[in-house]
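Protein chains in written order, with my numbering: chain G, 1 to 371; chain Z, 1 to 322; chain F, 1 to 336.
Keep in mind that the hints were calculated from the coordinates and are not lab data.
Hints may be right or wrong, so weigh each one.
[As the list claims (entries may be wrong)] Mimicking PhoX-like on lysine-lysine, the simulated pairs with C-alpha atoms at most 25 Å apart in a straight line are:
no.	chain 1	residue 1	chain 2	residue 2
1	F	183	Z	183
2	Z	304	Z	89
3	G	12	G	26
4	F	294	F	183
5	G	257	G	282
6	F	57	Z	183
As a plain string of letters, each chain reads:
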Amino acid sequence: MSGALHAVTMPKWGLSMQEAKIVEWKVPVGGEALSGDEVVDIETEKIAAAVEARHSGVLRRHIAQEDDVLPVGALLAVIAGADATDSEIDAFVADFQASFVPPDPTASEVGVPTDTVDLSGGVIRYLRRGDSGDVVILVHGFGGDLNNWLFTHEPLAAEHVVYALDLPGHGGSTRDVGDGSLEDFADTLSDFMAALGIANAHLVGHSMGGAIALTFALAHPDLTASLTLIGSAGLGAEIDGTYIDGFVHARRRRDLKPHLEKLFSDPSLITRQLVEDVLRYKRLDGVQDALATVAGQLFPGGRQAAVLRDQLDQLMLPVQVICGVEDRIIPPSHALGLPADVATHTVTGAGHMVQMEASAEVNRLIRDLAG
Amino acid sequence: MQLNKDDALRAYRTMKTIRVFEDRVHVEFETGEVPGFVHLYAGEEAIATGVCLHLDDGDRIASTHRGHGHCIAKGCDVRGMMAEIYGRKPGLCAGKGGSMHIADLTKGMMGANGIVGGAPPLVCGAGLAAKTLGNGRVAVGFVGDGGSNQGTTHESLNLASVWQLPCIFVVENNGYAEATSVKYSTACDDLADRASGFNMPGIVVDGHDFFEVYEVAGEAIDRARAGGGPTLIECKVNRYYGHFEGDAQTYRAPDEVENVRQNRDCIDNFAARAVSAGLVQEDDLASIDRDISDLIEDAVNLAKAAPKPEAEDLLTDVYVSY
Amino acid sequence: MGIKTFQQAISEALALEMERDERVIVMGEDIVGGSGADGEMDAWGGPLGVTKGLWGKFGDRVLDTPITESAFIGAAIGAATTGLRPVVELMFIDFMGVCFDQIFNQAAKFRYMFGGKAETPVVIRTMFGAGLRAAAQHSQCLYPLFTHIPGLKVVVPSTPYDAKGLLIEAIRDNDPVIFCEHKLLYTQEGEVPDEAYTIPFGEAAVVREGEDLTIVTLGRMVHRAVEAAEALAGSGIDCEIVDLRTTSPMDEDAILESVENTGRLVVVDEANPRCNIATDISALVAQSAFDALKAPIRMVTAPHSPVPFSDALEDLYIPTAASIEAAARELAEYRS
């Protein structure tokens, strides 16, 4: 019997996802799928994106049909070698379905997979995935949180120990941002690593998180295994100041949505629920002040205060820069003209949120660099 | 004021009917079959009875949210009341009013009332009608200690006095406005003291003592009928149950109700005094008890078996005509 | 964050604001319970226990009142103009009848009458709605009457999350706010952050997106609309549900935007049908989105009668998911 039968299942993206709708198959029955390839587009109440293959092979069977709404963990497709027989696949599907128990939709967030750690600057919420391998730390950008990496947590966790944290002033972490400087955030990162006993990590930073990761790496090269900067701040002076200002001050859905749409190449990715989630965060006492402090420190007058590109060549560690060609927040040109040993990847069809719009490619690049 | 045997038996029957009715509603409420908000009158029977014994169907009363006792004392049909409390079509208000809004205008009962302090202005109106029509009728407004603080009560006392209306305002001071003590909510020691500011007699009576209520109410009603104007009577009393059914009553002292039940129960005291004075016989009372027991049992059975209102009843009686 | 009831959400909002701002006081009938009596204090915490525990934390800033709504609602309004930020409880919205002057002739008009010189940061919390067999004087949906009055802001939350955020917003707001709590929603559960947060007034929530038909509603009816929308989805009728959250100010843009997209409107309001929120919204859409309409507007409301006591009648009185569904089907099939 062929050993190479693999289930493609409904992923769990983010803390509250329970089900999703099948939008469109990207790989037909009989088509080749390589690990990391996008197999099927799905849509949750928060976001639409593609499910990636975790194994290479022939896509032998579509179990889910377009427009089906299926729970997390449900069988979507079967990938197998071309030599697997139909009866083997039938048996595999039957076995899977017999043992599959959908998650209880009424269960509250019992066992929320995030954790918190109490640092000197306050409580930090984080998510940890994966049991073995090098440590990868994911650092989100201004106004974001660990869910900005929801398409990255699981794919990287197969071979790495993945941490995604909420920076101070963000997500479920303390509202105390100190003076809101890159150095303060970088200090939080080193406190975080010390508290969790992480001696060395591959740092992946998005946007402001990129500038923080870079600041950290410059200060602690010994703690940094590699650096992946995505749509990164800190590489040039320009930034869309209207976005920063709009994000900080919008209180209403109608005001916020146009700003969030600037983050993506495809603005239809901004669902009602995504806007609502950002509003729910922004409504919390202290958040607006924290964001205003950070914005005032890092992006005064709609410009980036810290440009660190000239210091990149001091780093004696692998560095790559990824940017979306259609980034409307930070000009993709900031990724150009960097030192020769910095690998630069420009991704077409992606805006500022490259890791969400082109997650398969970003995940592959991170894996390639982190080994 | 002399009480004859018939009146004494009527008084006993009324008080006991109220008590058994309320005790039974209390039990039935706990089964979950009685819907809505229910406020029981048990413990206060001497007041409604002592006042209403002086009234006939042409005299008017207006009541409170704790109105079952006033209804029974004013002659409302007990079976119709029970059916109303169960929300049934044969109920006194066709199932549309419920416990808090039982009324029977043919009996001079202008309604229990869901609004605290709702009654006093209404009885001013009833008094004005009687005075204008010159028919010798009187109107009695019941209000609790809580309601006595409402602006409507104060305004009505003033109006009744300046117009010399044939009105009697009976404050049933059971010590609590819901869960708040009268000691907290009320600035005067005796609510009856307020009468002097409105230039009318104000009298305090023991609301557990039927004879005292009966006598004081009789004088006030006679005065009103004779054109002598209004009176404020404060009856100090205790309620045996909570503000509403379901009230845990943790605000009351643990033995508070039991003490009153043991030592000051209006029905026990009435029976003892009436029997020892030779006014009535034990057997008379026992026979009445049996009647009442059958009546209440019958009322509950009828209520439970009675049909509920139907869809076409929903929009009837919003107006006389529309 | 955690799952909390509507009732807990309100209690938490009060406690957080009392902690944050010592000018915030809470008053009302038996919101403590047991005052002056020989038994326990905090015996009730309000008739449904919503304010229970506040007295233990804040003592004299939580005041039981005599049953004198004109006096204590008026006093809260007076205190609001002179330095406090009272949250006063009008136990049942029906009791507005005994204190309405203080609300609509006093609180609502100070700022305007006094040439912009007064601020009246009072919140009047009040319980409304049918379904408890509480009969005609304890079951009404009178928020349209408050909505009618310029100078008042009117909030009608439908979820625990909204209740907390809108109540904190109300307490921090410098105008008089009528905060209407449906009595059958107190046990409703939902996710509510532990921290304080605010939801701006005049921002409707689109609780469900859809292409075929818009249902605009509020309060408890939001849940019945969701139920109806789920049934309709089974027939391929895709409903958008707009939860107003506040009726004054009202998010007209959200209503118009949705109707312009769907072309069909059902308005669901538990209030009596004349001069209510449903008529208000229907007029708005008829005036401002007439060209977008593919079918007449349908209003699903209580009938023009007092709230009946008997469960048999009260259940007919309250708009149901089935009645919403029927109205929606009629529009979906209109001239198709």
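Taking the numbered hints from earlier one at a time, note which ones the structure violates and give those numbers from smallest to largest.
1 and 4
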